[in-house]
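A.B. asks: Chain by chain, the residues run as shown.
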Amino acid sequence: MKQIEIQEHSCDICVVGGGLAGCMAAIRAAELNDDVILADKSNPERSGCAGTGLDHIWGYFPEVQSREGVSLEQMVEDHLQNVAHGLVNRSMLHYIAATSYERILDLERFGARIRFEDSTLPGKLRLQYQMHACRNTLHFEGRDIKRILTRAVRKAGARILDRVMVTELLTRDGEIAGVVGYGTRDGKIHRIRAKAVIMSTGRVNRLYKPYPGLTFAIRMPPALTGDGKAAMFRAGVELINMEFLSIPGRWSSRNLIRGGGLPTGSYQPPGIGVNALGDVIRRRNHEVGGKSVYGTAKTFATSRSFQGELEAGRGPIYADMSWGSEEDQRYMLWAIENEGLGPGFLHIMERYGLDFRKHKIELWPIEPEHSAAAAGGPMVDESCQTTVPGLYAAGDEAGGIPGSVAPGAFTMGYLAAESAAGRVAETGALRDGDGDGELLDFFNEILNRSTGDPWQDAQATIHNLMSDYNIRFRSQTMARRGLECLEYLENNMRLIAADPHELTHCLEMRNLIECGKIIFRSTIERKESRGKIFQRRDYPEQDDTNWLCFLGQKLENRQVRFRKHTP
Amino acid sequence: MPPVIDKKLCNTCGICYNVCPQDVFSFDRKQAPVVAYPQECWYCGACVVDCPKGAVSLSLPLPLHIVPSTALYGPPGPEEGQSLELAADFSRSIERYPAKPDSGQEAGGSNATGRQGKKAP
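These protein sequence lines are chains A and B, in that order. Per the working numbering, residue 1 is the first one in the first sequence, and the count goes up by one each step. Per the working numbering, residue 1 is the first one in the second sequence, and the count goes up by one each step.
Same shape as in the complex, but just chain A (with noise of 0.2 Å):
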């Protein structure tokens, strides 16, 4: 029988996801002389949705803001009510406003550039609207926003112990007490004790059938898998907000791979959007309405949607960026290269003999995704720990902040270390941890089998039974069907691996079911309907007297418990 061989590694704080949430965590307890390691699934170097770039950051810019007459306050407020529908830790939700300032400048002090000569603003910021009702999304120069961030970890001090797919908690006495990861590469056990873990894995990205067809072209990285959140639920942690999708069917580039086009991108002054007759359907981004809560009404909304365009035959719909003046499009060509999957973008542009600056872009709504705007995940406290002493969550891992993306990322990265560094500083040894049983005994069986089924054909089945059962037509019935359906995959599919490759494919297929069984029961429970992130074929109305809460589950003695939380 073929064993697995295990390396162990220890250490004070364990952060889990190189990402910008993970970066930042690494940097932070590592200034705080505590011994860090860093695991990451690829190489923090260009992993994660920032991996490769980064242009734009909210926050509260004082100097900028409050001359507009705009309060932090306001802001946050704005923030609530028009970005998280009222359904957001609020608190939370301050600290990420209040402080994404600071860990901005954080990044000029590692060596990111963030002035330029052009702007008139204080400070030479160059600042733009994105998705709240006033200027207050920083543009800079992130392309290499993650290498930039990965030589401050060394420089710091903490381990990067890359190529390791962490997907197993420890615990002892319900405290943390370490993960386990997979070496994709190696094909070795990873079992890193800790006294300390940060949780920062980020998004879970495939579990819809991608409309191209194509598993991996995806707009948001398909590395990403739900492997932390999956690891955290089976070791007890009370996840919130999984029910919800993050963007049902976001508008973009249908044929290349995803944002580069899109009107809605901050990065394009002169993007709109039009439909085959050339009507403008959607005006730049900050002419289009909104509630605005700075007491200035925003105009330039027209009634028309790229949805209803094509359903009244006037389709295509096309991102136009053709009649910027040279000036914005020179600008717009700058914000492109510096943003996550821009150079690619511009690259297959050149390559196959197309211009933003002359074409105009065919959109489409992609697969839907979940996490992000949605902010399933872990319910975190004030200091950013889970509900497993020990063990804490940040950016995108983190429940119920949405919109909170990049600056979520970078201020609760730094907050959750210094609450970890903390902990460190009152407890005692390291301990040995139970919870990788199951995890052994998945690896044993893939090893010790010569035939079965390819982790695709388990993909496959998983974006089927997402997209007909969770998207198309939500209601209890046919989410129960769903549930059933993950459940006999997961109990009859006979994963087979040739190498730590596919093996590693094979770990997320687990994590993907555990993510999408959650997700089954939780749309079950919920019994309303919510917005665009959550829509009921059987509640159809929005219930705010039952459920303008969070919905945690968790695991207890293996059985299911639910909770509401009033946010």
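Read the hints as simulated data drawn from the structure, not as lab findings. Note that the coordinates shown come from a computational prediction; the quantities given were computed from them, not determined experimentally. The beta carbon of each residue, even a glycine, is placed where N, CA and C say it ideally should be. A couple of the hints might just be wrong.
Said to hold, decoys possible - In the DSS-like style, the derived pairs of lysine-lysine whose C-alpha atoms are separated by at most 30 Å in a straight line are:
1. LYS517(A) to LYS532(A)
2. LYS30(B) to LYS188(A)
3. LYS53(B) to LYS155(A)
4. LYS124(A) to LYS155(A)
To be verified - Pair ranges (Cβ atoms, derived):
5. GLY315(A) to SER59(B): 23 to 33 Å
6. SER69(B) to GLU73(A): 47 to 57 Å
7. ARG472(A) to CYS13(B): 46 to 56 Å
8. ARG449(A) to GLN31(B): 24 to 34 Å
9. THR70(B) to LYS527(A): 48 to 58 Å
10. GLN7(A) to ALA71(B): 49 to 59 Å
Please arrange chain B on chain A, whose structure you already have, making use of the hints.
C.D. replies: Using the frame of chain A, we list chain B on its own:
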């Protein structure tokens, strides 16, 4: 088959193999990396950006091709033309900052078509 490595340009440094978030390459340090899992590319461009020799390029699978069309050219409809022309002068990257808060005045000339300066058609 994305990505594609030009073996004549490749210096076998292995950076693409090191940074790829999808781990699509295999590499043995003496030869150009091999694209072992072409179907798993995310088209993020990390390998293209980080290759010191410019040896990596991405090729698109057929479902992601943009089909050429005359519809991809041309200005928006005529009734929008004027407001768009006006707006084209506007760039938020270098928008003039009001001289005084609450003065309601924008400080510039053609760059001053800000949010307050325009009306819906």
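A.B. asks: Each hint needs a verdict: does it hold in this structure or not?
C.D. replies: Do the hints match the structure? See the list:
no.: 1; hint: LYS517(A) to LYS532(A); result: holds (21 Å)
no.: 2; hint: LYS30(B) to LYS188(A); result: holds (25 Å)
no.: 3; hint: LYS53(B) to LYS155(A); result: holds (27 Å)
no.: 4; hint: LYS124(A) to LYS155(A); result: holds (28 Å)
no.: 5; hint: GLY315(A) to SER59(B): 23 to 33 Å; result: holds (28 Å)
no.: 6; hint: SER69(B) to GLU73(A): 47 to 57 Å; result: holds (49 Å)
no.: 7; hint: ARG472(A) to CYS13(B): 46 to 56 Å; result: holds (47 Å)
no.: 8; hint: ARG449(A) to GLN31(B): 24 to 34 Å; result: holds (32 Å)
no.: 9; hint: THR70(B) to LYS527(A): 48 to 58 Å; result: holds (51 Å)
no.: 10; hint: GLN7(A) to ALA71(B): 49 to 59 Å; result: holds (57 Å)
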